[in-house]
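Enquirer: Got chain A sorted already, so can you dock chain B onto it with the hints?
There are 2 protein chains.
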Amino acid sequence: MRRTAFFVSDRTGITAEMLGHSLLTQFETVKFTERTLPYVDTIEKARAVVEQINRTAEQDGARPLVFTTLVNPDINRIVSQANALVLDCMEVFITPMEQELGVRSSHTVGRSHSARDVVDYHRRIEAVNFALAHDDGLSTRELNQADVVLIGVSRSGKTPTTLYLALQFGIWAANYPLTPEDFGSMRLPPPLVPYRSKLYGLTINPERLHLIRSERRPGSKYADLANCEFEVREAEALMRQEGIPYIDATSMSVEEMATTILHQANLTRHIY
Amino acid sequence: MRRTAFFVSDRTGITAEMLGHSLLTQFETVKFTERTLPYVDTIEKARAVVEQINRTAEQDGARPLVFTTLVNPDINRIVSQANALVLDCMEVFITPMEQELGVRSSHTVGRSHSARDVVDYHRRIEAVNFALAHDDGLSTRELNQADVVLIGVSRSGKTPTTLYLALQFGIWAANYPLTPEDFGSMRLPPPLVPYRSKLYGLTINPERLHLIRSERRPGSKYADLANCEFEVREAEALMRQEGIPYIDATSMSVEEMATTILHQANLTRHIY
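The listed protein sequences derive, respectively, from chains A and B.
The numbering of the first sequence is this note's numbering, which starts it at 1 and goes up by one.
The numbering of the second sequence is this note's numbering, which starts it at 1 and goes up by one.
What the hints contain is simulated information worked out from the structure, not anything from laboratory work.
No false leads were mixed into what you were given.
Given that identical chains are not distinguished, each listed pair holds provided it fits within a single copy or across any two copies.
Listed next, the in silico EDC-like pairs over lysine to aspartate or glutamate satisfying Cα-Cα at most 20 Å (straight line): (1) 31 - 58; (2) 31 - 98; (3) 31 - 120; (4) 31 - 100; (5) 198 - 126.
Same shape as in the complex, but just chain A (with noise of 0.2 Å):
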């Protein structure tokens, strides 16, 4: 069976995507086309989407499913008329919070411009010029800034798990590569020894390990299955002699593994 889905807003279509997104999971026998329509805020815009969707509709002999994230009413209303099952993913959840707070909603589209948009922007930015800034090992200056810094073997993840906590959490995260030269003293890099209390470890199946360097360089000592095994295999035993604590990444996705360090590590969010 094959079905279209999509995700209507008059923002950006995020939080609409993610949540539909997860929802069509669900359905496993079905194959979705999805197809995310931001920025409907205008009743002409409001019109055009409905026309895409009967469109679809009639394209494929079935009603597509619309998911919305509408603040305003009127271009509410012209969508939730599609020939389609439009699930609000607003409204149906507005009315019982205003009968629990016993106060009316705003009905205003988005956030944008209120001063806590402007702050949070400009912690996002900072958090990621820091990322960039020290990762790899970069800079191991101002490591007394960052909220945390993940530490594992070339390839194991630290990269875009650095970037994800700066982008959704606005957490000021470092990385620094554990090489070779470490395991041989089993000590930590020196410039990492006065953040230990900061220090988050990553690692990875040495057999995805090997495949990952293999794509880089193959036939490399570097992705050698026998020392993608001596890296990681040392890389535990230094974290586990120094207590620091670290996850498996081999099976998460980067938003899990940042969320998980997030939570473990107790870190602070300074965004939303």
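Expert: Coordinates of chain B only, in the frame set by chain A:
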């Protein structure tokens, strides 16, 4: 008025957080304390969550709001019995979806071990690696592999937008700075000329740019307001002359810029 809001999930909790947070912003007169409780995936954890919510209800003297994305019905049932307004972000939509599609949902948690997810993971990592390798004009090799190349003056927001495109959508995005040398000739930087069709510009209000640059290098020519005005004016003139689409990043969040570029440049996202 002060209330506590919980986001409870058997996964990362990011979906519950995004939806819940945007619903909370509709109630501007209420101050919310927001707490995310991820990976609630056992009966024991569910019971501990209920205790935490009930304790908070007592301390606050008011029921918390609880946004859940819990797939396991047993866990869901336990959490729903907390002394709170529990808003189930999944179940409320699952029933109408089952009716519309004529199939039962699988009620399985997440998608982290599916084949699709491993593919998504690789695509995301590759996109991040590409973005890092091609940040700020670092390398212009392989620009033919870019989905999009962001251009703009220094500190106009290119880097975080590039990284967001990579992490969230799997887009291969490079970025390249426009510098005063480019404005003398009013020509595109030569390495960009073959990729004109992939270029997308960011611009920014000169006063805002002045503030941002002043934080970095106070009192410098670089941060000087007149220089910022010159650079922005020339960059915009160059982009107009070359027919390169551009957006004003001044009052947009990183998500908004990335989403706008995704749609206006007609990019195909590689991951959901």
